[in-house]
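So the chains spell out like this:
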Amino acid sequence: MGLFGKKKKKKKDNNVAIMMENVTKSYSKGVPALDGISVTVKKGEFVFIVGDSGSGKSTFIKLLMRELKPTKGRVVVQGEDLGAMKNRKIPKFRRNIGIVFQDFRLLNDRNVYENVAFAQRIVQAPAKDMKKNVTNALTVVGLAGKYKAKTSQLSGGEQQRVAVARALVNNPPILLADEPTGNLDPKNSWEIMQLLDKINRERKTTILVVTHNREIVNAMKKRVITIRKGIVISDEEEGGYIDED
Amino acid sequence: MRISTFFYTLRQGFVNIFRNKWFSLASIATISSCLFLFGLFYTVIVNFQYMLRTAEGEITVTAFLREDATDEEMEQVGEMIRNRAEVARADFISDEQVWAEWAPENIGEDYMDIYTENPFENMNSYEIYMKDIEQQQTLVDWLKSLPDISEVHYSEITATSLTGMNAIVAYVSLGIILILLLVSIFLINNTVIIGISVRQQEIEIMSAIGATNFFVRSPFVIEGILIGLIGSVIPLAAIYFLYINVVDYVGVQFPALNVLLQFLPVKDVFDLLLPLTFGIGAGIGFLGSFVTVRKHLRVYAKG
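First to last, the protein sequences are chains Z and U. Letter 55 of the first sequence, counting from 1, is numbered 55 in the working numbering, and no numbers are missing. Letter 287 of the second sequence, counting from 1, is numbered 287 in the working numbering, and no numbers are missing.
Calculated from the structure, these hints are not laboratory results. Glycine residues also receive a C-beta, built at the ideal position from the N, C-alpha and C atoms. Mixed in with the good hints there might be a few duds.
[Unchecked claim] Covered, in the sense of this in silico footprint (three residues per stretch, anywhere, with C-beta under 8 angstroms from a C-beta of chain Z), are these stretches of chain U: (1) 33-44; (2) 206-220.
[Stated by the list, open to error] Straight-line C-alpha distance at most 27 angstroms; calculated BS3-like pairs for lysine-lysine: (3) K69(Z) / K295(U); (4) K221(Z) / K204(Z); (5) K131(Z) / K86(Z); (6) K92(Z) / K295(U); (7) K62(Z) / K295(U); (8) K89(Z) / K295(U); (9) K43(Z) / K89(Z); (10) K150(Z) / K21(U); (11) K187(Z) / K150(Z); (12) K148(Z) / K295(U); (13) K69(Z) / K89(Z); (14) K132(Z) / K92(Z); (15) K132(Z) / K221(Z); (16) K42(Z) / K86(Z); (17) K187(Z) / K198(Z); (18) K69(Z) / K42(Z); (19) K131(Z) / K198(Z); (20) K198(Z) / K42(Z); (21) K146(Z) / K198(Z); (22) K295(U) / K86(Z); (23) K132(Z) / K148(Z).
[Claimed, not checked] Label-pair distances were calculated between CB atoms; the ranges are: (24) K69(Z) / V291(U): 26 to 36 angstroms; (25) V291(U) / N22(Z): 54 to 64 angstroms; (26) R110(Z) / L40(U): 49 to 59 angstroms; (27) T71(Z) / L229(U): 41 to 51 angstroms; (28) Q49(U) / D109(Z): 50 to 60 angstroms.
Could you build the full structure based on these sequences and the hints that come with them?
Now the structure itself:
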């Protein structure tokens, strides 16, 4: 407490995108999914989050998205303390994070353009900016020429590119990819990772990739955070995939 | 809200209807049936009430004046009666008038040759028509308290039975209509739940990207309102044509009933039925979908 009883605000580090401080998340009466982990990701970093099934990766993502609140500790994303955040502020906060899912989650009744524009509509982007932003995002992922195509006419790799464009179009400072190559063949997997790397370098977007893909993790020489049984067992710059045994 | 967002939300409301077209059709059909029955009851009630009013208008209270009342006193009483709020009209009936009307019918046109004196002499009266038959007893009590009135004739049974019938019809109709409306709300509820489950993935994506509760929920509420409005048009059209034809048919086929069955003009029925049906349709659509999205569509997890 300060001199006049005011709560002293913790000084914000403007260079930090994500900070987890002694975070524990327990579900009812079970073993904690995350057990006192501390992780800091700087703005503009590219980080792999690696771990086996049940390691706590999903909980990690849900905490970052504020789908869950930590049982203990603090989760701060882009300067916002998510544990203290009111429900009504969640939508605006989530606009800081572009998300890419393993199963693409595209709207199959709409074409490529509409899928990407969907994210713009949600943030109520002005109509005049929408076309420009969608075209730019599709250009970045190399699908500008296929904007009229139905998503069902695209290959798996192309569908994931549309998902990346949708995550990018609102220009979020953080992009979170949850097993983005899980449904792709090695060639397409590699292309998607190259695309994410390009976005990180050119746009300075902070990128977190949750993955099982050992080859990619080992080849890309990025920071690797390994979670096992709810604990960070390794956090290495230019790290590699650590096997369970 | 931006205009483009408003139109997008509206469009999504329409898209929802077409996406679950069979469930939407089922909801529209149910609402149409409910509103059709509502319209039917309403039409019957307003016509019944109109007929009752007409019948009530025929019921009179006769107040006989004291035999020795002077012309001035009789006029004064007439003035006092006409000034009463519940009185629509009060006609003075003189003893000569009564005799002149009664005698030819009951004795014969040559009654003056038989009777030289008026047996109804000094039986002057006021025939009183009421605005509201329910006020009859109040008026009768007041009339009886006047010193210049010797006797009051009225039909108590007719007045109470008409009033009672009116109330029974109104209560029964209200009960049936309420049940129908609840059924409609339940059905809209089901349609919207199905709509939500069909669009579960889209809702999850919206939530992850940062859509507000309002943005996610609005299309479903609009869907409900649209279903309600579409469901209102069909019964209104059906009742309109049905009403015109029934009135024509009764008029042509049963001319004898024309005295008893006096129907309201179609315009008078629809003056209130039209906004009422659209209002109820949109209202149950809104209520059904709003309650459902509040209950089943939580955009934010509780954590």
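Comparing the hints with the structure gives:
1. 33-44: violated (count 0)
2. 206-220: With 9 residues closer than 8 angstroms to chain Z, the segment 206-220 of chain U meets the three-residue bar; holds.
3. K69(Z) / K295(U): Holds - the C-alpha atoms of K295(U) and K69(Z) are around 22 angstroms apart, at most 27 angstroms.
4. K221(Z) / K204(Z): 18 angstroms, holds
5. K131(Z) / K86(Z): 33 angstroms, violated
6. K92(Z) / K295(U): Holds, because 22 angstroms separates the two Cα atoms, which is no more than 27 angstroms.
7. K62(Z) / K295(U): 23 angstroms, holds
8. K89(Z) / K295(U): Within the cut-off at roughly 20 angstroms; holds.
9. K43(Z) / K89(Z): At roughly 22 angstroms apart (the allowed maximum being 27 angstroms), K89(Z) and K43(Z) satisfy the hint.
10. K150(Z) / K21(U): 22 angstroms, holds
11. K187(Z) / K150(Z): 22 angstroms, holds
12. K148(Z) / K295(U): 37 angstroms, violated
13. K69(Z) / K89(Z): 14 angstroms, holds
14. K132(Z) / K92(Z): This hinted pair holds, its Cα atoms lying about 22 angstroms apart.
15. K132(Z) / K221(Z): 34 angstroms, violated
16. K42(Z) / K86(Z): 25 angstroms, holds
17. K187(Z) / K198(Z): OK: K187(Z) and K198(Z) at ~17 angstroms, within 27 angstroms.
18. K69(Z) / K42(Z): Holds, because 22 angstroms separates the two Cα atoms, which is no more than 27 angstroms.
19. K131(Z) / K198(Z): 23 angstroms, holds
20. K198(Z) / K42(Z): 18 angstroms, holds
21. K146(Z) / K198(Z): The hint holds at about 21 angstroms.
22. K295(U) / K86(Z): 20 angstroms, holds
23. K132(Z) / K148(Z): Roughly 15 angstroms between the alpha carbons, so the hint for K132(Z) and K148(Z) holds.
24. K69(Z) / V291(U): 26 to 36 angstroms: Given about 28 angstroms between the Cβ atoms, the range holds.
25. V291(U) / N22(Z): 54 to 64 angstroms: At roughly 42 angstroms between Cβ atoms, N22(Z) and V291(U) fall outside 54 to 64 angstroms, so the hint is violated.
26. R110(Z) / L40(U): 49 to 59 angstroms: 43 angstroms, violated
27. T71(Z) / L229(U): 41 to 51 angstroms: Since T71(Z) and L229(U) have Cβ atoms about 48 angstroms apart, the given range 41 to 51 angstroms holds.
28. Q49(U) / D109(Z): 50 to 60 angstroms: With Cβ atoms ~52 angstroms apart, the hint holds.
Going down the numbered hints, you'll see the structure goes against 1, 5, 12, 15, 25, 26, while the others check out.
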